[in-house]
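S.K.: Produce the complete structure using the sequences and hints provided.
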Amino acid sequence: MKLIFAIVSNDDSSKVAKHLTSHKFSVTKLATTGGFLMAGNTTFIIGTEDDKVDEVIAIIGRHSKKRTQMVPSSASYGVGMYTSFPVEVQVGGATIFVVDIERFEKL
Amino acid sequence: MKLIFAIVSNDDSSKVAKHLTSHKFSVTKLATTGGFLMAGNTTFIIGTEDDKVDEVIAIIGRHSKKRTQMVPSSASYGVGMYTSFPVEVQVGGATIFVVDIERFEKL
Amino acid sequence: MKLIFAIVSNDDSSKVAKHLTSHKFSVTKLATTGGFLMAGNTTFIIGTEDDKVDEVIAIIGRHSKKRTQMVPSSASYGVGMYTSFPVEVQVGGATIFVVDIERFEKL
Ligand code: NI
Ligand code: NI
Ligand code: NI
Numbered sequence: 001m002k003l004i005f006a007i008v009s010n011d012d013s014s015k016v017a018k019h020l021t022s023h024k025f026s027v028t029k030l031a032t033t034g035g036f037l038m039a040g041n042t043t044f045i046i047g048t049e050d051d052k053v054d055e056v057i058a059i060i061g062r063h064s065k066k067r068t069q070m071v072p073s074s075a076s077y078g079v080g081m082y083t084s085f086p087v088e089v090q091v092g093g094a095t096i097f098v099v100d101i102e103r104f105e106k107l
Numbered sequence: 001m002k003l004i005f006a007i008v009s010n011d012d013s014s015k016v017a018k019h020l021t022s023h024k025f026s027v028t029k030l031a032t033t034g035g036f037l038m039a040g041n042t043t044f045i046i047g048t049e050d051d052k053v054d055e056v057i058a059i060i061g062r063h064s065k066k067r068t069q070m071v072p073s074s075a076s077y078g079v080g081m082y083t084s085f086p087v088e089v090q091v092g093g094a095t096i097f098v099v100d101i102e103r104f105e106k107l
Numbered sequence: 001m002k003l004i005f006a007i008v009s010n011d012d013s014s015k016v017a018k019h020l021t022s023h024k025f026s027v028t029k030l031a032t033t034g035g036f037l038m039a040g041n042t043t044f045i046i047g048t049e050d051d052k053v054d055e056v057i058a059i060i061g062r063h064s065k066k067r068t069q070m071v072p073s074s075a076s077y078g079v080g081m082y083t084s085f086p087v088e089v090q091v092g093g094a095t096i097f098v099v100d101i102e103r104f105e106k107l
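Protein chains in written order, with UniProt numbering: chain D, 1 to 107; chain V, 1 to 107; chain G, 1 to 107.
Since the hints were derived computationally from the structure, they do not count as laboratory data. Possibly wrong hints are sitting among the right ones.
One copy or two, it doesn't matter: identical chains are merged, so the pair holds either way.
Said to hold, decoys possible - Derived BS3-like pairs (lysine-lysine); straight-line CA-CA distance at most 30 Å:
1. K52 / K66
2. K18 / K52
3. K66 / K106
4. K106 / K2
5. K15 / K106
6. K106 / K24
7. K2 / K15
8. K18 / K2
9. K2 / K52
10. K65 / K24
11. K15 / K52
These numbers come from a predicted model, not from an experiment.
M.R.: This is how it looks when you write it as structure tokens:
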């Protein structure tokens, strides 16, 4: 068995949790902070069979992969004059660590 | 040494923490959520010698093992008429993952 | 790659987080409790290359090592009569577990 630690942005965490549990994976969710600004994110701990690790990673990737989004931005080009235009920002992203489990017990 | 991740229900977490520390184990406690409903539970991280893993698992099991409990329930059997009867529910339960520690430092 | 779990006292956690991130380590921070009194502490999860583990441990140690501090204390030596004197207390301290990572993904 493998223990998977997956760190995803808070924006994506409920989608990731929903899909992992609906695909019958046992998931534990932690409120964490991280990155340069120690912003809120979510860490999932998932214990699973060796041959299901690819599926877990695929599900997490599908719902949290780094992607660009167009968001409205604005700039002033004179006193009291503004223009609005879309700007590309990066959102999402997941960091995943897989560790070997030596022993597993369900009591 | 081994690193033990143990997920127990919140109902049992203070008993488990109390007994692990009174038996001199070094315990770190995390507030987590999990299961189908992402309900609150508790994850313990315990670092211990290889030959103490069985004792840790025994202590956790003794205080959090899955068990049935009779709880009062009620049903209506007519307009404004209720009957109360006991219902068996499952409580507790622990999921335990044991991982090998390559290096341990106490600074 | 290695996964490092480091438990430090809350007093030292922001210094440790700041230095780890400024040295370009990827850090996830968890609010945890631990020790005999289940007092608040902080657990860091750090994924890093094998040859950087020593550097991570050195940074954590530099900013959280167990040390003594003189704090003011007071005792009464008669009805309504007090004396103030310094007392040595232990502060800080870090517990570090290093675990092998079998697979690492950044999505
Ligand atoms: Ni799905
Ligand atoms: Ni006991
Ligand atoms: Ni530094």
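S.K.: Each of the hints needs a verdict: does it hold here or not?
M.R.: Right, here's what the structure says about each hint:
no.	hint	verdict
1	K52 / K66	both (22 Å within a copy, 26 Å between copies)
2	K18 / K52	within (17 Å within a copy, 36 Å between copies)
3	K66 / K106	between (35 Å within a copy, 9 Å between copies)
4	K106 / K2	both (15 Å within a copy, 18 Å between copies)
5	K15 / K106	both (26 Å within a copy, 18 Å between copies)
6	K106 / K24	both (16 Å within a copy, 23 Å between copies)
7	K2 / K15	both (22 Å within a copy, 28 Å between copies)
8	K18 / K2	both (20 Å within a copy, 29 Å between copies)
9	K2 / K52	both (9 Å within a copy, 22 Å between copies)
10	K65 / K24	both (21 Å within a copy, 22 Å between copies)
11	K15 / K52	within (19 Å within a copy, 34 Å between copies)
In the structure shown, no violation is registered for any of the earlier numbered hints.
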